Structure formats: C-alpha cells, structure tokens
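From the two separate chains plus the hints, produce the assembled complex.
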Amino acid sequence: MNIVVLVKQVPDTNSERRLTDSDHTLDRASADVVLDEINERAVEEALRLQEAHGGEVTVVTMGPDSATDALRKALSMGADKAVHLSDAALHGSDAVQTARALAKVIGTVEGVDLVLAGNEATDGRMGAVPAMVAEVLGLPALTHARKVEVDGSTVRVERETDEGVAFVEAALPALVSVGEKINEPRYPSFKGIMAAKKKPVTTLGLADAGIDAAEVGLANAATTVVEAAPKPPRSGGQKVEDAGDGGVRIAEFLAAQKLI
Amino acid sequence: MGATMDHRLSEEHEALRKTVEEFAREEVAPVIGDFYERDEFPYEIVRQMGRMGLFGLPFPEEFGGMGGDYFALCLALEELARVDSSVAITLEAGVSLGAMPIYRFGTDEQRARWLPALCAGEKLAAFGLTEPGSGSDAGGMRTTARLDDDEWVINGTKAFITNSGTDITALVTVACVTGRTENGRPEYSSIIVPAGTPGFTVSKKYSKVGWNASDTRELSFADCRVPAENLLGERGRGYAQFLQTLDEGRVAIAALSVGLAQGCVDESLRYAKEREAFGHRIGEYQAIQFKIADMEARAHTARLAYYHAAAKMLRGEPFKKEAAIAKLVASNAAMDNARDATQVFGGYGFMNEYPVGRFYRDAKILEIGEGTSEVQRMLIARQLGL
Ligand SMILES: Cc1cc2nc3c(=O)[nH]c(=O)nc-3n(C[C@@H](O)[C@H](O)[C@H](O)COP(=O)(O)OP(=O)(O)OC[C@H]3O[C@@H](n4cnc5c(N)ncnc54)[C@H](O)[C@@H]3O)c2cc1C
Ligand SMILES: Cc1cc2nc3c(=O)[nH]c(=O)nc-3n(C[C@H](O)[C@H](O)[C@H](O)COP(=O)(O)OP(=O)(O)OC[C@H]3O[C@@H](n4cnc5c(N)ncnc54)[C@H](O)[C@@H]3O)c2cc1C
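Line by line, the protein sequences give chains A and B.
Going by full-length UniProt numbering, the letters in the first sequence line up with residues 1 to 260, in that order.
Going by full-length UniProt numbering, the letters in the second sequence line up with residues 1 to 386, in that order.
Be aware that a few hints might be false.
Stated by the list, open to error - Straight-line C-alpha distance at most 27 Å; calculated DSSO-like pairs for lysine-lysine:
no.	chain 1	residue 1	chain 2	residue 2
1	A	LYS81	A	LYS197
2	A	LYS181	B	LYS18
3	B	LYS18	A	LYS191
4	A	LYS197	B	LYS312
5	B	LYS18	A	LYS198
6	B	LYS18	A	LYS197
7	A	LYS81	B	LYS18
8	B	LYS205	B	LYS364
9	B	LYS291	B	LYS364
10	B	LYS273	A	LYS231
11	B	LYS364	B	LYS321
12	A	LYS199	B	LYS18
What the hints assert, rightly or not - Just so you have them, the derived chain A footprint on chain B, three or more residues with Cβ under 8 Å:
no.	stretch
13	10-19
14	39-53
15	62-68
Think of the hints as simulated: they come from the structure by calculation, not from any bench.
These figures come from a predicted structure and were not determined experimentally.
Every residue gets a Cβ at the ideal spot worked out from N, C-alpha and C, and that includes glycine.
Just chain B, with the same shape it has in the complex (with noise of 0.2 Å):
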C-alpha cells in the first residue's frame, strides 16, 4: 500500500479484487445458495479457488505461493464475502489459521512437506484452540501433550474447527498444554496432526445458523500419538503463536465482514429500485434511502479501518489495537447492515433464496469467532493501558 493518507489500491491489488469480484459474480453467485441450503461444502468452486492461487496468496513462490501480501488475502476475502461467507470462511481459515502458522513457525521440512499443496488450496489445514469448555479463555483449555518414546500423545477434545472435517483436510494444528512452566503456570505448545492418525476422531458436522456451506467440527483425541517432530515451533511459545496468529486473522475477519456489509449494500440498492409500493419505488422514500446511506457509511468506514489496520501489518508496525478495532466495527457493521438490508427486503429478505437471507445468518458468528467483540474492547481498552 502507498503513501500515508493515500487509500487507492496498487494497480495490482485493484486487478486482483475485479478478477475475484468477476469469479464470485460468475462462479460463486449463482451455485452458492444450493450447497447452502444442502449444507454441502463447495469442493468444485474451491478447486477453482486454488487454481486462481487465492490459497498462495500471501505466501512465497518458492512455496507455491502467489508472492503477495495478508492485503491480497484481505482483498481477496472482501470480494468473496460480498456474495458469500462460507467460501470465504473456508479461505480465510485455510489460510490466515491453516496455512500461516506452519509458514511462519514451521521448520524447513514441515513448510516443504506441507505448503505447496495447502497454496495451491488441494489440501486444506485447520487450526484447533477452542474448546468445548474454553473460547474467549484460551489459556483455560485442557487438552494434553506428553511425549512418551519420541511421540506426542495427545489428549482432549477442540470444538467449533473450521475446515477439519472435508475430503481435502490435510492436518489440525493442535493446541495443547505440554507441561507446566517454572512458576506452575501451564505451558502451551501447537502440534501437527495430520488427518487420518489414529487416535484422531472429526465427528460429524454441526448444525449452525450460518456458513452452512462451510465445514465446521468438533474434534477428539484419545491417546492419538504423532512424531515428535511435529511440534509447531517452539515447546512453550505457542501462546504467543496464537496470539500472533489471531491478530492477522482479526483483519482478515474484518475484510471478510465489509465484504458481508457490502454485499447488503449492492443487494439493497438494486431491489430498491426495482420494487414498487404506494405506486413507488421503495428507493424513493427517504426511509429507505437512509437506510442505504447508513449502510454504505458503515461498509466504507469500516473498510478504511482494515486497509489501516493492514498498511500498519504489512510496515511491520504494532497493529493490535488497529486490528482490534477494525474487527469490532467490521463486525458490527455486518450486523447491523444485514438487519437492514433484510428490512429493505420485506418478506423476501425473510427468504432462504434471496442473498441477504444467507447475509442475515452469516453476519452473527462475525460478532464472535477469531475473538468475540467483548473480547476486541478488552484488547482495545489493554492497548490504552486500562
């Protein structure tokens, strides 16, 4: 990204959003609402997604990598969720919680073993910290790692796993506690799991409100024993691996909810001037014109806090409170616009058919997964010394 104060797109990343905003349009768009409805994940439309190197996006050629940056991906993201949330869930997970960790923490050999095929998104990796007892709590969780004999033999259960369960996962990283530290504290660890080890169980699909055409699971692990070798990183540094991780991941859920909030926007605007009420079109009363208005003020505002958020990340700049806030009003903006753009619908806003009926569904979780916005004001109110 250019000059201070200057928020125009190289003419590179404005090429990359229109092709992706042409592919959603013509490939996304009009398939989408049947896998949602069947709560089928999209494998032919993520095969393509792969293809266009929308998985290698931020990474190096030499690991199959498109050789851009996390703003590609934001841009990316923002493009795929202006028509749909599930695909780009599945990308951002794949990436920014799969992908990332092993690029960044990984050894030589666990980055050649495992990143071409995750970049060329043939494979996809999931990133297990949840807990069905632990969220917001991330330090609370229970699962265990012990080595025993050169192998980690993992114990505990992750709930809420994005990507962990298709015919494509490829491996969890696993967040465990692997002992306790000098002063008692527990110490925190991440460990590859590929998928299929023994010991290793995905149950079966969750039913959720939203995403639905997006693979979430809850996953066991019962004396499931894996190399020593993989262990991700450092013995003890994986609590500051996921925070790292989770602050990146924060702006990509941001560009992905101004995508959400977008999409409401385009939506409203062509049914506005479409339906007639009182011998009218909707769009010219002032009620649903401001309603537009504030949408759009919302999605553009929004919009501009990830592109600083990210310019700060790609400078190599603290962006913790930036990422922070531009979650928390992405998210709200998401919210509050597909509860608008539902109103300006009527009765068919109502309707699983019509795009912002999905809109509506998939704007909650938003308020919630990578950090709910409770947990995006403590960060906030910290970064102010509170």
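So here's chain A without its partners, still in its complex pose (with noise of 0.2 Å):
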C-alpha cells in the first residue's frame, strides 16, 4: 500500500509567532521551524499502516527552500522518499491555492493508496487543506482520525470530534486526516538519521508540477489578510466571591469554557 503524507514545516509553538508587517504573511525568519507535530502524528500513522501492510511511505510539502529540513525529520523517522514543491511564485498562498497545488504534486507520485495529513496546520489552523486536497482529486475525505484501520481495499476510521466519535470507512484510494490522540509520534534513530540523508528528495518548481504560476501566490489568491493584530495580553481573570454557591459557579464556569 503507498502512502503519501502531507506535512508542513510551522513555527515552533515554543517560539514567538508573528505575521510580517508588509504583507500579514507568516514571518518565518523571526521563529524557529519544525516538522508540524500533528504531521509528525501522520508520518507515524503511516509508518504502522507500512509495517502491516507494506509499500512505500513518500511525504510531500509545500513550503521554502528550509522546509526540506521537514522532509529530512520525516525521513529519519522512516519514510522512504519525499517530493518538495518549491517556489517563490507560491508565497501567500491561500487554503484553496495550496490544496489545489498539492493535489497536483500528489500526482506526480505513482499508485497512490492513502493519503495522510494532519487534520489542522499549528501556524495556518485553517483545518481545510486535507478536504479540499480529497475534493479536488475526487477522492472520499475521512477527517479527524483517532484510530486508522485498512482492511482490504477499505479504510476504517474512528472520527472524533467535540461532539462525539463516529465509525466511518471508505474504499481506498481515499484521504485520511488525523487528529492529535491518534498516537505519539517515534524519535528518529541515529540509523534513520544516517539513511535519511541517502533517501530521494524531489524538488519540483511549478511547471515541474503542471501549475499554472497564474493560479497561484499571495496576489491571486482569493482572500487577503487586510489587517493583523497581535492578541491583548490576558486580562486579569474572573473572581468568584464565594456566596455559598461557589463551587456551582465554578463547576459552570469550566462547563461554559468546555473544560468539563
């Protein structure tokens, strides 16, 4: 089974995060990247599915030259091959222009299974990519996995969601996007590291990948990023005078933030 795992290179969540000012775009030289962890979920995901199955695990991005630093992490941990989409008519990107784009550099792969994402990006958090990449290569999208079964040519999925879990499957070839209990993700060994470095990277610019430069990048995309502000710092909280009734308040505050 041949499994292509859609992954991102984001700011570190422990690093500070802003968008530049001339054009509200991600500032990517003011933080520190990483392999998306959620991806590093999905690479793991991908990883069992081939250790029970078999076939190849290839792993693609979208993203600068420095991305292939996330291809590498995903290879140490075990992927076989990866195809990086690079070029600089593609920054600004929006949620369509990229699910449009990677749909195509899927297809430069050959007999695709599965495809595997992570179900929502830590620095876009569109949560929109994995569905339009499925609707564009017509293929059925089963989102927010925690659980991931193939059995035959059928997908099996555990979707959760706030508000509940849902069994759901769908015959392959088909888009799986996981969620963050899906399960904890391996270090890379010192071996995988060494054969990382012999794997095949692919680096397509766009007339590599058959897209139209016109379909693309910051100026046409269909939304604009108009304005941006840096989130207030966090207010002072609530004070709960407790009247006799303070632990019922409490107990309906948490209820209301949905931590209970």
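Pasting the structure below:
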C-alpha cells in the first residue's frame, strides 16, 4: 500500500510567532521552524500502516527551501522518499490554492492508495486543506481520525470531534486527516538520521508540477489578510466570591469553557 | 568531525543532538524529578532511550548498533545532562563502561551473545573496578579469580558500581587479580559475570547525595563460579583494558559535565528574566549578568575541550592528555555553574523541586567518578613528562 503524507513546516509553538508588517504573511525568518507535530503523528501512522501492509511512504510538502529540514525529519523517522514543491511564486497562497497545488504534486507520485494529513496546521489553522485536496482529487475524505485501520481495499476510521465519535469507512484510494490523539510519534534514531541523508528528495518548481503561476501566490489568492493585530495580553481573569454557591459557579464556568 | 579548527557539527550529528534535546525536554524533564525524589530507576525512560538507539550509538549495525561514533554518544550525553544527569550516567555507564569493553575486547561469541540487547537498551551492563579499599589506586584491588576445573572462582567486593543492580542488568565485567606476573606483580584480568550467577550478591542501593534516579550498588563475590570462556580479552591484559576504557570514559563524562553546566545557564537565564526584586528583573542587575556570563563562558570552553579530545580520539591519535584536560575543566565548570545557578535562584535554588537543586546535588560526583580531579592532574603532569 502506497501512502502519501502531507507535511508542513511551521514555526515552533515554543518560539514567538508573528506576521510580517508588509503583507501579513507569516514571518518565517523570526521563528524556529519545525515539522508540525500533527504531521509527525501522520507520518507515524503511515509508518505503522506500512509495517502492517507494506508499500512505500512518500512525504510531500509545499514550502520554502528551508522546508527540506521538515522532510528530512520525516525521512529520518522512516519515510522512504520525499517531494518538495518550492517556488517563490507560491508565497502567500491561500488554502484553496495550497490544496490545488498539493493535489498536483500528489499526482506526480505513482499508485497512491492513501493520503494522510494533519487535521489542522498549528500556524495557519485553516483545518481545510485535507478536505480540499480530497475534493480536487475526487477522493473520499475521512477527517479527524483518532484511529485508522486498513482492511483489504477498505479504510476504517474512528472520527472524533467535540460532538462525539463516529465510525466511518471508505474504499481506497482515500484521504485521512489525523487528530492529536492518534498516536505518539517515534523519535528518529541515529541510524534513521544517517539513512535519511541517502533517501531521494525530488524538488519540483511550478512548471514541473504542471501548476499555472497565475493560479497561485498572494496576488492571486481568493482571500487576503487585510489587517492583523497581536492578541491582547491576558486580562486579570474572573473572580468568584463564594456566597455559598462558589462550587456551582466554578463548575458552571468550567462547563462554559468546555473544560468539563 | 570536519577539518581542523572547524567546530561545526555535521548534519547528522546536529540532527541527533536536536532529537535528543527534544526528547530530554519533552519526555525526561517533566517526570524525572519524581523518580529522583523517590530514588527510583526510570525504566520507561531508559526503554525509550533504547528505542531511539542511544545505547547503540557508537557500535556497528551488525551488533544492533547505530553505526555512529563515540562523539555521537557524547552529544547525546550532553543533551540529556542539560536536563538530568541520572539518565545521562545510566547511558554513559551502560555504553562506555558496560558494552564498549565487550565490543572492544570480547570474542565473536561474547559480542554476539551480549551486544544486541545492550545496544537496544533492553539490557544493561556494568563495569566493576572500584573496591571499598581502592579507587584511584585501582591496582590495589583485592578481588581475586582463580581457575579451577575450567571455571573462574571469584572472591571479593566491588564498590559504587553503576547499573549493576537494575531489573535489566545482564552482566558485570569484574576486574580481578588472576595471579602474579614473573616479577611478582599482580596480574589483572576482566571477567564477565552474568547477573544471577550463584555466589554473586548485589547489595541494596546506596543512599546517594545525587544521581538519585540512577543505580549504584556494592557487589560481593563469594566463591562465584563462571566458565573459563567468560574471560574478557587476554588474561593479564586487564590493566591496559581499564586504562583504555577510562580514557574514553573521561571524554564522555566531560560531555555529561558540559550538559549540566549548560543546563545551569538555561535555567538561570530563564529565571533571571522572570524573577523581580527591588522593582527590577534580577537579570537587569550586573551582579547576576556577570554570574551568567561566567557560567556561559565555562560551559563553552569546556565544550571546546571535549570536542577537541573527541576529535583526536576519532582520528585515532593519542588523546590521553586532552581527555584528562576535558574531564578536569568540564567537571569544574559543572561544579562552579551549579553553585552559581543555585545562587541565582535564591531560596528556590535550595528546593528539590527545581532542576537547579538537582544540578547542585549531581555536580560534585563529576569531580570524583572515572578518575578524581587529582587523578586528572596526575595524568596531565605525566603526559607533560613529570
Ligand atoms: C496567520 C495566517 C493567516 C492566514 N489566513 C488565511 C485566510 O484567512 N484565508 C486563507 O485562505 N488562507 C490564509 N492563510 C494562508 C493559508 O494559505 C495557509 O497557510 C495554507 O493554505 C495552508 O493552510 P493551513 O496551514 O492552515 O492548513 P490546514 O488545513 O490547517 O492544514 C492541515 C493539513 O494539511 C496539510 N498541509 C497544509 N499545508 C500544507 C503544505 N504547505 N504542504 C504540505 N501539506 C500541507 C498538512 O497535512 C496539514 O497538517 C493564512 C496563513 C497564516 C499563516
Ligand atoms: C555514584 C558513583 C558511581 C560510580 N560508578 C562506578 C562504576 O560504575 N564502576 C567503578 O569501577 N567505579 C565506580 N565509581 C567509583 C569511582 O570511580 C571512585 O569513587 C573514584 O575513582 C575515586 O576512588 P575512591 O572513592 O576510592 O577515592 P580514593 O582513591 O580513596 O581518593 C580519595 C581522595 O584522595 C585523592 N588521591 C588519591 N590518590 C592520590 C594521589 N596519588 N595524589 C593526590 N591525591 C590522591 C583523591 O583524588 C581523592 O580526593 C563510582 C562512584 C560513585 C560515587
């Protein structure tokens, strides 16, 4: 079974993240960038499926040249090969453009049975790209997976959202996006790190992937970030004076925050 | 490591360093304090380290190793010790004192029998040299082994042996006097004693000042019998083997010391930016800034010293003096930084719940284990021809 995992390099959530003043896109230069943790989980799931069913795992990213580091990390975990779509014209692409471009790249990988993705990137947080990619490719989309099983040509997923858990299945080929709870990703071993150096990474420009430059990039995006402001600092919080009903009011507060 | 004067890490070494840094921060830091407090060995963390291949770093793949080198091990030790020294010493002793002598001096059978599980971190090996009556003066050891009917019969006591009493300890390599040489001097040899061999008793854990989540025991041997083929390397070559093992080990302990010294900088920096006194962040006071600057300078210079010793070792050049210098300055840096970091933290520095409290307790042993600072000075002086 051949699996493509869509992975994205994002600013480390431990470092300060901000948007550039000039075009309100992410300021990648100011932050440490890492392979998104949700994508580590997607890669882990792909490797587990591969251990059970064989086949090849290909990681795909669209991002600046530095995003190769994220691909290397996935390769050192155990993925077999990587494809990197990198072109200055892609800067500022919105979710729809990103999805179209990724669909084209997936098209360059042969015999894909399953596409895995994270359900939401920690920087853009659109939570939209996987379903859009599935739409463009005409694949069934199974999102928010907390468990994935493949049985012959069927993929079964436990889909968990705030509303509850649904058990869904689809025929392969299909796309699955995974949630936080799916697994604990492995740390790469030194052997994996050494092996990753020798694994193939194909770099594609727009033309190589058959993408029209007029369809991508900030200038051609369907949506534009017009204004951005940093989050205001945290306010002092809310004081509950106990007038005999303190416990109840705290419970109500926690329930309203969906914490209990 | 690259060309002379180039201290940049190779891509793979840097990727390994980053991976271990992340592992230490995410998996070790949040839980290790509790193990330390309870004097408990962190089996699950050691298992994870094993799965990452840390115990196999310097060994070839045919024995289950990672095909890396000794410097890779040093980088891993430094990053672990930045967060916690107990797990770092468990790795150091497991690889450098436990598995390495078997890899280096063992027969094909011994390597095939022991190395795969040791490289995977599923089992641990220990090295028993020190005795209650002899440490620096290792030649003063009293433990004996005599051949009787194709078996070694071992009698004696070993003190302070790391990794010797865990649930996953597979063996202890025991340094013994196995006879007299022609000129009447003691003949030293190393013998592999598997855990659980009758006559081999592991006493309960010591109550230690530091390294509380690591395993250190006294061992006794009373007519303990093992097959003759458990001899490690040549009979009578024991002393040369210990010296080689310890030379390498010093570079590893230096790396571990640099980790502790750097951990002190990390913690102090963070705290100096947060903590306020007299209306200012304490980091705004020059007294604190200078302390932290000195700490960084010590960690940095000690790191260069161990990188240099490791580079010479990997190039196959003599590195005895450089290893002794690295161990001397790095353990000194760890001790000084632990003292200063505790000062930066004030009263909180004296509390076990903060990492600097652990750093303070863990630092002192670095000037003692695998050769005291006095022994390092003796080695340096001897290399200078004195
Ligand atoms: C702060 C900010 C605000 C933005 N606002 C908007 C906006 O309002 N409207 C808009 O259309 N766009 C916006 N974008 C840009 C948008 O283009 C996204 O960055 C990009 O489209 C991907 O969306 P996402 O990362 O949120 O994807 P998500 O849909 O959250 O990502 C889910 C998964 O899709 C896969 N994936 C996503 N991107 C890639 C990639 N580049 N390469 C490989 N796999 C990938 C990964 O598996 C990922 O885990 C914004 C970006 C930022 C950083
Ligand atoms: C936690 C821990 C773990 C350990 N793990 C191991 C292990 O796994 N395996 C193992 O074999 N050992 C182990 N050791 C033992 C350690 O290596 C010894 O404690 C160390 O070598 C010092 O020996 P000693 O304790 O006998 O001190 P001594 O040798 O008695 O030294 C006492 C003092 O005298 C000084 N001194 C000695 N000789 C001279 C001299 N000629 N000139 C000047 N000063 C001198 C020393 O520097 C020291 O200050 C461990 C020790 C500890 C505490």
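| said: Next pair to validate is LYS81 (chain A) with LYS197 (chain A); report whether the Cα-Cα distance is within 27 Å. | reply: 11 Å, holds
| query | Between LYS205 (chain B) and LYS364 (chain B), does the CA-CA distance stay at or below 27 Å? | reply | 19 Å, holds
| query | Are there at least three residues in the stretch 62-68 of chain B whose beta carbon sits under 8 Å from a beta carbon of chain A? | reply | As far as the stretch 62-68 of chain B goes, the hint holds, because 3 residues have Cβ atoms under 8 Å from chain A.
| field | Verdict on chain A covering the stretch 39-53 of chain B, criterion of 3 CB contacts below 8 Å | value | holds (count 4)
| request: Would you check chain A against the stretch 10-19 of chain B, counting CB to CB pairs closer than 8 Å, and say if three or more residues qualify? | output: holds (count 5)
| field | Distance restraint between LYS364 (chain B) and LYS321 (chain B), which requires alpha-carbon spacing of 27 Å or less | value | 22 Å, holds
| Does the alpha-carbon distance linking LYS181 (chain A) and LYS18 (chain B) stay inside the 27 Å limit? | Distance ~24 Å between LYS181 (chain A) and LYS18 (chain B) Cα, so the pair holds.
| said: Between the alpha carbons of LYS81 (chain A) and LYS18 (chain B), is the straight-line distance 27 Å or under? | reply: 22 Å, holds
| Is the hinted pair LYS291 (chain B) and LYS364 (chain B) satisfied, with a Cα-Cα distance of at most 27 Å? | 19 Å, holds
| query | Holds or violated: LYS197 (chain A) with LYS312 (chain B), Cα cutoff 27 Å? | reply | 25 Å, holds
| task | Verify the proposed pairing of LYS273 (chain B) with LYS231 (chain A), using a straight-line Cα cut of 27 Å. | result | Holds - the C-alpha atoms of LYS231 (chain A) and LYS273 (chain B) are around 22 Å apart, at most 27 Å.
| task | Would you mind confirming whether the straight-line C-alpha gap from LYS199 (chain A) to LYS18 (chain B) stays at or under 27 Å? | result | Roughly 20 Å between the alpha carbons, so the hint for LYS199 (chain A) and LYS18 (chain B) holds.
The structure meets every hint from the earlier list without exception.
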